[in-house]
Amino acid sequence: MIELRELRKSYGGVEAVHGVSFTAETGSVLGLLGPNGAGKTTIMKVLTGYHFPSSGKAVVDGIDVEEDPIAVKSRVGYLPESVPLYQDLTVAEYLDFIADARGLGSSAKAGRATAGAAEAGERARAIERAIGACGLEGFYRKKVEELSKGYRQRLGLAQAILHDPPILILDEPTTGLDPNQIIEIRELIKSLGESKTVILSTHILQEVEAICSNVIILNEGRVAAQGAPSEIGKALKGEERIRLRLKAARGSAEGLDREALSSLPGLRSVSSFRAESPAVLAAEIAMPPADAEAPDVGETIFDWAVSRGYKVLELERHRLSLEEIFVKLTSEGEGR
Amino acid sequence: MKNVLAIAKREIRSAFNSPVAYAVILGYLLFTGIYLYFIRGFYVAGQADLRDYFTVMPLVFAFLVPALTMRSWAEERRLGTYELLLTLPFTEGQLVLGKFLSSFALAAIAVALTIPVPLTASMLGSFDAGILVTQYLGVLLEAAAAVAVGEWISSLAKNQVSAFVGSVLALLCLVLVDRVSGFFGAQGLAAGLLNWLSLAFHYDSFSRGVVDTRDLAYYLSASVLFLYLASWGLTRRKWS
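Note that the protein sequences, when read in sequence, are chains A and B. Going by this note's numbering, the letters in the first sequence line up with residues 1 to 336, in that order. Going by this note's numbering, the letters in the second sequence line up with residues 1001 to 1240, in that order.
One chain only, chain B, in its complex shape (with noise of 0.2 Å):
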């Protein structure tokens, strides 16, 4: 655990004394933003309700998880520093396992720093509290399945842009799947799988309100099968 904590605190650190980790959450908090009160236009509609806001996370995260991840592997190949933590008394577990952390740390400060939105909001209407945990918590659940994504993704790829492009392409599929079988009208076992695969659809009840324990359990199984590819990844690389 210490070993990972050090992993992630190196990450965490370089976050922040580059621009790119500011760039990201200011860019999120903006898009959110603006997606609330202009273009749902939640003053003009005159309902105390979030749910709009924290249905588009999801996509929105589609696009901020890359931008956390994609320096992840890709940045330490470029500069060398790969090799260093190889050579560092680190399981592949433990490097795979930090740098999810800090990146997920990192997605969890930029969630954290949309409270604002319903603390004003509350003051506009009456909230249920307990919604609002649970939208929360399904917004962080989701966010650490992309992130698990994105950390895999650029685990394979040679570099920066490539990273970022292949997760988020990765991620809209994951997050749009479940809306082929509403266009293509596919029905029982096929949707069902459809919506099953779906980083959006498990978010659903979420956003509703309700903990529902298959999502939790998809989004923490997700999470886990895709640092596992990560590290495997890792392992067979020392046998090329």
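So that you can see chain A by itself, here it is in the shape it has in the complex (with noise of 0.2 Å):
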């Protein structure tokens, strides 16, 4: 569980983040969205402990970042977005350095004591695990600058994962790798995220759908939305819009009128009308936020054109997508 409370952080004078406060729950995914320089990086350094807040309150599992920095790295298992690895070491020797650090263990062989054999066992396991979730099986001897981005990308989410800790931050887990491997990992940081409290940071807006229960939009340091993915888009739709391609029966659809069309009840305006070729006409129709008591207009303009002599070609509702969202929230303030 992290809870942040009216965090502040500035460098050099410059207030990065200005005042945001969020809980993620255990048991959760979190994404941070935002454009670059958002302060989604600057969030994940204070709860890692890396910064301490210019003002505000970060809190890991109950303990503040400030007054137990210790306490609360040993918790977090962080991904940070350059992916830092020592290129001159193998990946047994980079993953046995972390496992000193997170205190598994101890690296000497078994054999010499037996309490040093359950230790032994204990980091053989750990690694065992780690490197069988980013699948990195066979990579162990190689050296990490032999590695492609997409592998060093594992072992950096190896090294985060490493000592099976309640918490995960991931600053943009998936980038550089491949489609493969992008669905691979994100089902890996999906079911990570069901015992565990997981907050990430991407670009991405597919990955914010595909793996987070919650979202928070950032921008400029402030957070511009937050809710559950499908929330965010209700919450912020402005309208959703109809697309709708008609044939006429025989002859031509030049009948077809616009004002007919807008006059239908539901609908707000037509916002494009043209004719395709002489016989099929597309539109596109803009209509008020989706009210659960009203008649489906689906139907009612299916309804109209039949009574025509249209056939219908297609009618999709076009929700709002995140995507659209994101642009909309966060090109609002370039304006300012």
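Some hints here could point you the wrong way.
[Unchecked claim] Keeping only pairs whose Cα atoms sit at most 35 Å apart, straight-line, the calculated DSBU-like set for lysine-lysine is:
(1) A:190 <-> A:57
(2) A:142 <-> A:190
(3) A:247 <-> B:1238
(4) A:328 <-> B:1009
Everything labelled a hint here was simulated from the structure, so no lab data went into it.
Work from the hints to combine the two standalone chains into their complex.
This is how it looks when you write it as structure tokens:
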């Protein structure tokens, strides 16, 4: 569980985060979304104890990051955006160092003492689990500098989950991966999110829709919107649109005029109206946010078209996507 | 302590996985060897005395140590592993101490590899083992202080080159500052102060085989001071 209260952080007099508050529950994946410079990485750096807040509080599992940064750090697994790896170590040596840092058993070989063997077992199990989860089998003896971008990203993730932390903070975890790898890693994050608190930042909106239970859209260091991905859509949806293509049963569609269409009940306006061919007509219709009580507009349009002797080729309700919401929210500030 | 050793172990592994450590140590052995046998003409002089060899060490360390310490923080910044280190459950003190320990260990390995020099020389004449031990103690203490300075400068530097150049300059100043008093004919308090600051001046009695507690205290407190400065700098960054 992560709690942020009125967090502010400035770097050399310039405030990057202006009072952000949110809570991320255990067993959820929270997505931080925003353009570059919106403050996503800064928030993550505060939560991992890399930077201290200028004011406000960041509490991780009930521990204030400023009061006990070491306790916070040991509960957090962090994948920074830059994917920090030591180029001149092998994958094995790198994970061994992380295991040392995380206090996972000792690196002593089994057979020295029974306690030592048990500890070494703990370490071996942790490394095996992380390597398996991130699909790094077969790369254990490779040098980090020989790994491709995608495998470096996986190793960074293996590093973050090595000690099975209750909190995971992932800064753009799927950049540099190919589509198959992206799906694998998303599945992994999703399954980790069932028992842990996961915060990830991303530019990719489908990622949020695919794996996040909650989203916070940040813009210029402030929360622009927050909620479940579908709720955010609903709350911000100014309007929905209907795309319509009609074909005249015989002859031309010329008799169909714009006013007739826009005068139908439940529609706001016809935003585009053009003849694709003499017989086929394409229109885009704007309508107010869907009201559960109101009759379905699709039905109205269909009945109307049939009564006039038109065939409905296409009738599609188009929801404002997260992408459009994002652009809308984050470009509004620019005019100021 | 476990954490300090974990950091030091990682550093030493990285150093020996890349050619840098080998090159630096080899360079050190070559240079000091050439100095002793060719420049000072050890065999020509016909005297089984290694004082010259040990006296030049502070000056050599002004180049050797920066080559070992330049990577320590500057390289972490370049790779981004700086962020990893500072988000692992280490305190700033443990990080600084771990890095100090690894660079010091590399310097100590380089120094240990010079042991054949007095060994072969001892076949040529009678050596006082006590003096030799003192000389090595002095070398190691001087190296420790120099490593601490190098670590501190590396922690401030943006890249390896500036870490190296900065550390060489700082160490040269600290090594040569006692010569200034002789050069300008400084006397009394001023000369005392300049001498007191010098890394080489405190080394002098060791190379003669004398252990003076004032020199011991100087090296130890210099090491502690610069390590503290490095750790303080890291902590301060969290607020900026």
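Each hint tested on the structure:
no.	hint	verdict
1	A:190 <-> A:57	27 Å, holds
2	A:142 <-> A:190	28 Å, holds
3	A:247 <-> B:1238	66 Å, violated
4	A:328 <-> B:1009	51 Å, violated
This entry does not satisfy hints 3, 4, going by the numbered hints stated previously.
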